[in-house]
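Just so we're aligned: the first sequence equals residues 1 to 210 in full-length UniProt numbering.
Just so you know, these hints were derived from the structure itself, not from any lab.
Among the clues, some could well be false.
[To be verified] The calculated lysine to any residue pairs, modelled on SDA-like cross-linking and capped at a C-alpha distance of 25 Å, are: (1) Lys175 to Ile79; (2) Lys29 to Thr15; (3) Lys29 to His82; (4) Lys29 to Arg12.
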Amino acid sequence: MLTQYQQFFTGRPTTEIAQSLLGKMVKYKTDEGIVGGYIVETEAYLGEHDTASHAFNGRRTGYSESLYGMPGNIYLYQIRGHYCFDIVVQDVEEPQGVLLRGMEPTLNIEQMKANRKMTGVNITNGPGKLVQALGIHSRDLDGQPMETSALTVDLQDFKIPREIITTARIGVNLKAANGLSPRRFYVKGNPYVSNMKKRDMDIENHGWED
DNA sequence: AAGAGGATTGCCT
DNA sequence: GGCAATCCTCTTC
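Build the full structure now, drawing on both the sequences and the hints.
So this is what it looks like as structure tokens:
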């Protein structure tokens, strides 16, 4: 039996879940208070048949075991010395996920600036950056259900994107079969999207509806 | 302002 | 030893 919260992360295509997460609020309870912000960029990873997935070709190791867990669980992994926050989607034993790649900081921004030792969009305009901004530097949260974790996505607290842009994913092997598949989604014009060009930024509304 | 290259950490073959 | 769902600095326009 799935809770209402868990049901958000299954029962429809992962690409659709990834898009519906845009605008939802990430919250992380720490000793210094709650830090977080709105999700502005996501990527869908479709499991065993997706060449960019950690579970491609049925690959299953202790390191990525969390991907095979319950929908709404956290998959927190490390890549090139940086931590990334991935949400497990689809039912148990179906290793699909949504990577959070960009976040507009709103809660306790000063703390996140200090965590990053950076200012402006560089606080959270990348998957490793946003995790560092939250103050996470271990895999302790890996495998935890977000519904009861200190790190969570609040589905009741959200903004509505004015327009969603779809592109190929970043940082994956472009020559592989799914290298160019359109599985990256972001809020058009939001400054905290990774690699966003200055001339493409919507400085007025950040790409949100009024 | 935009693109290229080196640094870097842990896991798997 | 190779490689990965990245970040930062430097160079050039």
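Structure-based check of all given hints:
Among the hinted pairs, Lys175 with Ile79 is consistent with the structure: their alpha-carbon atoms are about 20 Å apart, no more than 25 Å. In summary, the hint linking Lys29 to Thr15 is not supported, as the alpha carbons are separated by about 28 Å, beyond the 25 Å threshold. Under the criterion of a C-alpha separation no larger than 25 Å, the hint pairing Lys29 with His82 is consistent with the structure, at around 21 Å. A threshold of 25 Å between alpha carbons decides the hint, and for Lys29 with Arg12 the separation of about 29 Å lies outside it, so the pair is violated.
When the structure is compared with the earlier hints, violations turn up for hints 2 and 4 and for no others.
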